[in-house]
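Asks: Residues per chain, in single letters:
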Amino acid sequence: MNEKRALALLREDRPGGLDWFIDKYTAYVSAIAWNILGRTMTAQDVEEVTADVFVTLWRNRTKPRSGQVKGYLGSLARSRAINKLRQAGADLDLEDDGIALPGPDPETLVTVRERDETVRRAVGAMAEPDREIFVRHYYYCQTAAEIGDLLHMPAATVRQRLKRGRDRLRNILTEGDENYDRAYQ
Amino acid sequence: MIARISDLMENYRDDVYDLPDRAPADPGRIRARVAERIDALRLTEPAASRTKLPRRALRIALLAAALTALLSVTAYAVYQRIVIVERQTQATDMDTGETQPLIEVGFEPTGDDPVPVLPGVWEMGAVPEGFTMTDSFYSAGFSTMCWERDGGGRLDLTYTKGGNEPGSETLLPDDVVEKEDITVNGGPGTLYTIGEDGNYRSLLWTDEERGVGFVLTAQDGADDVDLISLAGSVTLTGEKPAVSENTLAAIAELGDWAPADLPEGYGAYFDQGTPGSLYGGTYSYVRRFYTDEAGNAIELRCETAVNETYAGYVENYRSGLEHPADQPDAVCTVTDTTVQGQPAGLIEYPDGTPLRLVWLTEDGTVAFLLSADGLTSEELLGLAESVTCLAQPAATAPAAPAGSDAAPAVKDAEAVAVTPKPTERP
Numbered sequence: 001m002n003e004k005r006a007l008a009l010l011r012e013d014r015p016g017g018l019d020w021f022i023d024k025y026t027a028y029v030s031a032i033a034w035n036i037l038g039r040t041m042t043a044q045d046v047e048e049v050t051a052d053v054f055v056t057l058w059r060n061r062t063k064p065r066s067g068q069v070k071g072y073l074g075s076l077a078r079s080r081a082i083n084k085l086r087q088a089g090a091d092l093d094l095e096d097d098g099i100a101l102p103g104p105d106p107e108t109l110v111t112v113r114e115r116d117e118t119v120r121r122a123v124g125a126m127a128e129p130d131r132e133i134f135v136r137h138y139y140y141c142q143t144a145a146e147i148g149d150l151l152h153m154p155a156a157t158v159r160q161r162l163k164r165g166r167d168r169l170r171n172i173l174t175e176g177d178e179n180y181d182r183a184y185q
Numbered sequence: 001m002i003a004r005i006s007d008l009m010e011n012y013r014d015d016v017y018d019l020p021d022r023a024p025a026d027p028g029r030i031r032a033r034v035a036e037r038i039d040a041l042r043l044t045e046p047a048a049s050r051t052k053l054p055r056r057a058l059r060i061a062l063l064a065a066a067l068t069a070l071l072s073v074t075a076y077a078v079y080q081r082i083v084i085v086e087r088q089t090q091a092t093d094m095d096t097g098e099t100q101p102l103i104e105v106g107f108e109p110t111g112d113d114p115v116p117v118l119p120g121v122w123e124m125g126a127v128p129e130g131f132t133m134t135d136s137f138y139s140a141g142f143s144t145m146c147w148e149r150d151g152g153g154r155l156d157l158t159y160t161k162g163g164n165e166p167g168s169e170t171l172l173p174d175d176v177v178e179k180e181d182i183t184v185n186g187g188p189g190t191l192y193t194i195g196e197d198g199n200y201r202s203l204l205w206t207d208e209e210r211g212v213g214f215v216l217t218a219q220d221g222a223d224d225v226d227l228i229s230l231a232g233s234v235t236l237t238g239e240k241p242a243v244s245e246n247t248l249a250a251i252a253e254l255g256d257w258a259p260a261d262l263p264e265g266y267g268a269y270f271d272q273g274t275p276g277s278l279y280g281g282t283y284s285y286v287r288r289f290y291t292d293e294a295g296n297a298i299e300l301r302c303e304t305a306v307n308e309t310y311a312g313y314v315e316n317y318r319s320g321l322e323h324p325a326d327q328p329d330a331v332c333t334v335t336d337t338t339v340q341g342q343p344a345g346l347i348e349y350p351d352g353t354p355l356r357l358v359w360l361t362e363d364g365t366v367a368f369l370l371s372a373d374g375l376t377s378e379e380l381l382g383l384a385e386s387v388t389c390l391a392q393p394a395a396t397a398p399a400a401p402a403g404s405d406a407a408p409a410v411k412d413a414e415a416v417a418v419t420p421k422p423t424e425r426p
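Read top to bottom, the protein sequences are chains V and H. The first sequence maps to residues 1 to 185 in the numbering used here. The second sequence maps to residues 1 to 426 in the numbering used here.
One chain only, chain H, in its complex shape (with noise of 0.2 Å):
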């Protein structure tokens, strides 16, 4: 038997790595790169086809929430109902092959309009002694929180519109002792037990009239937390989340860019962005997200550019989708255009409805990045033209007080330039 030496040599691990002239890639370029690929794969993957539970007691709320729906159409935009959803999936070991049974939780629209955003901001009002926040994260769909406590014990809180956003599905171990119905603040919910030392414990529960399903779940050493009760302390608190200091930090760093002529009903709903100097890099993002009262979403994402023209982005994202060998446009098409008298990338599906569109700075030090539920591709150009520069980046701004990497842009400024000074990078 004839083995070649080159496939003997695929799993050598021990020291590939310790070669003189290696030239490592900078992480943060490869954050930017991967999740502008993750995003464009994000539009394109359908859900996975998943059996609801068969409770007759869900089926019951979702009747009574129905009705809910209709009397308060007029308080917010009618949004989605939302079921938990139940089904059995494996991981397979990669080495050995062996797979491992998982159950898979998570939630589903139920309707044929999936809401685009959030609807609220939710909190917990009854966090338990010892333990303290150490992450959060907001975004259009889906927000998750965590709590850690010294000594050991980790509570994690997620909730999210459903379908394909994250957190709409949570992997758990086959080894599920207890399986409990409960109601949480009036909708319906369940408890996971895993383990015979129960020391893992999940919990998930659906607003059903603003269409959002919540996990909160306890593990390594959060035993003792009553994990329902601290559920219904969970309440909404807000329609907007509140900028974080991460996302000044970021504005700052990049410039305060936003468009200046918003289409007639739409209003800001929140920002989200990573500072570079967090991972003590140059890479930053922004991604503001706009709303309507039905909805709709309009984001533009502004970030350290990692490409030097618009068309390293349109292949980034052109590559990151699925489709039929060297048929690219069987999927979507690109049309060169100009923003701003800059080149730029105008991305469709091919029936025309506009994916994204794509340009940089004049200096080509940042680069956005615009989609919208709802508009044309005409529109989605008109409103790129009108993106203005509020304030510029904090290292080159006159006032930015000296070593402060956490300036708050002046976002109600008047617009001071088109295009701010370049940036250091890499």
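The following block holds chain V by itself, in its conformation from the complex (with noise of 0.2 Å):
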């Protein structure tokens, strides 16, 4: 069976379906709720959000198109965990987690998809560990300390290195797409 069929399935509220999603994005949805909740919180609590993924999954079954899927998936389950985290009174502070860009308002300025693409080169664009420094702190929301445990590297030099991400980050979105080669330089 292939994502198409499966999403035929889904869509239909027939068996094979959603069982075919769980199978093949599992690791994907659970990984990303460990990396959010795995400090603070027990492996019960990344199946429950990985359940809770699927299961809205399921109740939306109409809504994603073939191909979409994963990334959906992705968005589910950062934000149900960063939701349990906030319910268990977890302080989601980042660094600096504001970025001023130009205009009233940036949905104005591109396309969402655009801004997602732009953003999507940007980090992939950092060198190694911002790259993962930056994934970890603005995606997973761990903090400096966390970060600097995991990576072995004191929280001031995780800071250090998320402030020059986020510079990067601002001067991709602020001077365009055109300069994004020279913004790296």
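One or more of the hints may lead you astray.
Distance windows between CB atoms, simulated [said to hold, decoys possible]:
1) 90(V) with 133(H): 31 to 37 Å
2) 71(V) with 224(H): 36 to 42 Å
3) 343(H) with 43(V): 35 to 41 Å
4) 149(V) with 87(H): 53 to 59 Å
5) 160(V) with 101(H): 50 to 56 Å
Here are the computed lysine-lysine pairs in the DSS-like style, where the Cα-Cα straight-line distance is at most 30 Å [what the hints assert, rightly or not]:
6) 70(V) with 4(V)
7) 24(V) with 84(V)
8) 179(H) with 4(V)
9) 63(V) with 240(H)
10) 4(V) with 63(V)
11) 84(V) with 63(V)
None of these hints come from the bench; they were simulated from the model. Built from N, CA and C at the ideal position, the CB exists for glycine as well.
Dock chain one against chain two, each of which comes alone in its own frame, and use the hints as you go.
Replies: Have a look at this one:
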């Protein structure tokens, strides 16, 4: 079975459809949940979020199109895991999370898809370990201290590298895609 | 304008999965949790309101069918009439927000007393040359099977009692190029041809006497198949589905558990299960259905325990139900009790109607989920007390053939133990 057929079965709520997505994407979904929850919560909590993601997929089974399910599940996994952290009273204050963008509303400057693509390229172009640090902090909401423990470096170094990543992302988002390469020289 | 970087990262996809310290969950355990919650949702979510097709022919057929039902009441229990329904709906693209119009077609029971279980088994008598069955599934109110052909062509047959059952709704693209009212085996039907090339066809019809709706779909290069003739070859072949090899293997893995004291008038209807070995894991489940003449159903589900205590199952069940914030008791209540000396949870509607009884074996390896139409909580507890292991799991039974993962359980054997030896855990 391929994703197109599995999605057709899922849309019609027929056996095999949802199971196909669970078998294929449990590792992906639970990895996202684990990276957000794993240092403060239990494996049961990760399982709960993972199951919740697939139940949500079932409830919204008419919405995703073929080729979009993985991204949809990833977004669900991240938001569900972050919500669970918040419910547990975790402090989610991220390092200088705000970034100034030109114009009254960034949505009016570029489409969401264009913006996502720009962010993807910007983060992907970061050198290691800056990229991993950036993803751990701004995607998985891990603290500088947690990242420092994982990567065996002082939290201050993590913060320094995060600032470098933020500056680069800001340059790309504010100066435009045509300056993308220059920003990384 | 200030944007949050964490928000900008929301749709970042590239390598979030590649970080080294991931700990993937077991898909078998996730399947179990998801199935549990969806089961709960099905019980509480009302069917979407639908617009019935205003077809004169259909109304006439319904009147004729009503007379037939009155005459045939002694042959089998009174089954619900069923009609084809259709409505316009839409799907939303998650990325762009664009909507795509769709047609939702399906079946709806027409009375106040829905059929609890499917009253029979239908088979396709004239499978086109070159097609082989690649998938089949039976459940209490829904069955589906699929045939595929090397070089292209796929046929799907689904039958359902309608209402909230899976298969009661089929979504079709909005580009229907032809819609034809037809008759299949005396029942009203509609043939949809989708797309300019017509390579997707879906035929819906009903057996009104038994309250069953059918969907036969041809796609992926099955253009040469005469769908109407094929539908005509779909006939009732038996009252109960045969027990599949997969179900036998699942029984062999879990042990052969069954209630010894069924309420008066109930008999075994069918078993359906999936062995853990099918997915390379250890999670197995078996669902056993028992019915009476009126169509009331009892379901005993036994499965590899994925929670350490019954409380985990209860929590999963409750968390899957829609209820006002901080008021879980508005939808169901939970009473701690015991079954066979083991802690158990009795989930009930607020009016005391039992929804489900959950308990585990003493060694915590097998979980039981028991539900029934028309029984009181006391009767449900009595039924649970009678659940007995008729044959131990094949992995621990001395007589099981070595290496056999499909050793059939001895259903009629004398009860040998209430609690089987532990099976292997993840």
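Asks: Work down the list of hints and note, for each, if the structure agrees.
Replies: Hint check results:
no.	hint	result
1	90(V) with 133(H): 31 to 37 Å	violated, 51 Å
2	71(V) with 224(H): 36 to 42 Å	holds, 37 Å
3	343(H) with 43(V): 35 to 41 Å	violated, 23 Å
4	149(V) with 87(H): 53 to 59 Å	holds, 55 Å
5	160(V) with 101(H): 50 to 56 Å	holds, 52 Å
6	70(V) with 4(V)	holds, 13 Å
7	24(V) with 84(V)	holds, 24 Å
8	179(H) with 4(V)	holds, 25 Å
9	63(V) with 240(H)	violated, 36 Å
10	4(V) with 63(V)	holds, 13 Å
11	84(V) with 63(V)	holds, 24 Å
Hint check: violations occur at hints 1, 3 and 9; the rest are consistent with the structure.
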